[in-house]
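The primary structure of each chain is shown beneath.
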Amino acid sequence: GNSVTQMEGPVTLSEEAFLTINCTYTATGYPSLFWYVQYPGEGLQLLLKATKADDKGSNKGFEATYRKETTSFHLEKGSVQVSDSAVYFCASLTGSYIPTFGRGTSLIVHP
Amino acid sequence: EPEVTQTPSHQVTQMGQEVILRCVPISNHLYFYWYRQILGQKVEFLVSFYNNEISEKSEIFDDQFSVERPDGSNFTLKIRSTKLEDSAMYFCASTESAGDQPQHFGDGTRLSIL
Chain X
302 GNSVTQMEGP VTLSEEAFLT INCTYTATGY PSLFWYVQYP GEGLQLLLKA TKADDKGSNK
362 GFEATYRKET TSFHLEKGSV QVSDSAVYFC ASLTGSYIPT FGRGTSLIVH P
Chain U
3 EPEVTQTPSH QVTQMGQEVI LRCVPISNHL YFYWYRQILG QKVEFLVSFY NNEISEKSEI
63 FDDQFSVERP DGSNFTLKIR STKLEDSAMY FCASTESAGD QPQHFGDGTR LSIL
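Line order of the protein sequences matches chains X and U. For what it's worth, this note's numbering labels the leading residue of the first sequence as 302, then goes sequentially. For what it's worth, this note's numbering labels the leading residue of the second sequence as 3, then goes sequentially.
The set of hints was computed from the structure by calculation and includes no laboratory data. Be aware that a few hints might be false.
To be verified - With a straight-line cut-off of 25 Å between C-alpha atoms, the simulated SDA-like cross-links for lysine to any residue are:
1. LYS361(X) <-> HIS375(X)
2. LYS59(U) <-> GLY396(X)
3. LYS44(U) <-> PRO412(X)
As the structure is a computational prediction, the values presented were derived from the model and not from experiment.
Take the sequences, apply the hints, and build the full model.
Laid out in structure tokens, this is it:
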């Protein structure tokens, strides 16, 4: 079956540090891949997506590249802000149209 | 921007009681979903709904659970006889169509079973 594995959190960084949150997937076929962000007290919001190999999704300074050879979709940001503190979920979507979510990675950014 | 809204934000219920969680999906969306997130764990799919019927459900969605679209705007999740392990955040989501669509989530209902 499909699965998504994310690095365990929390990830704690100082403001302006470089961020990487690892995500790998297993899936039948070629899934679309997503990153969602969940701010405290809110639901999940789509952050970025990529639908085929070598696509790069980007939004709000975050980027992730769909790597078929390593079945990965790592989230990166060059300089994090305190306002980026949230839980980040990696997800895959295949023909069933029901996304498979990872466990989420909590990011804490200190001033 | 249109939003998915959920009520209540927090529901506290005695074990064995029935609860109904309510959602108003985005008005032109046709596909509706419920997810569960137990504290500290991953978001788990419960059920999807289209054209007034369940299109897919997970193993979690057993006979204790039911969904309904009682009118043109609401989409409800009912848990018939709650158990302690039903305590979780419940998220409603909707999409305009099937296929490669990101889901639009509500802010969730925190369900606490005592």
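Would you pick out the hints that fail for this structure and give their numbers low to high? Hint 3 contradicted; others consistent.
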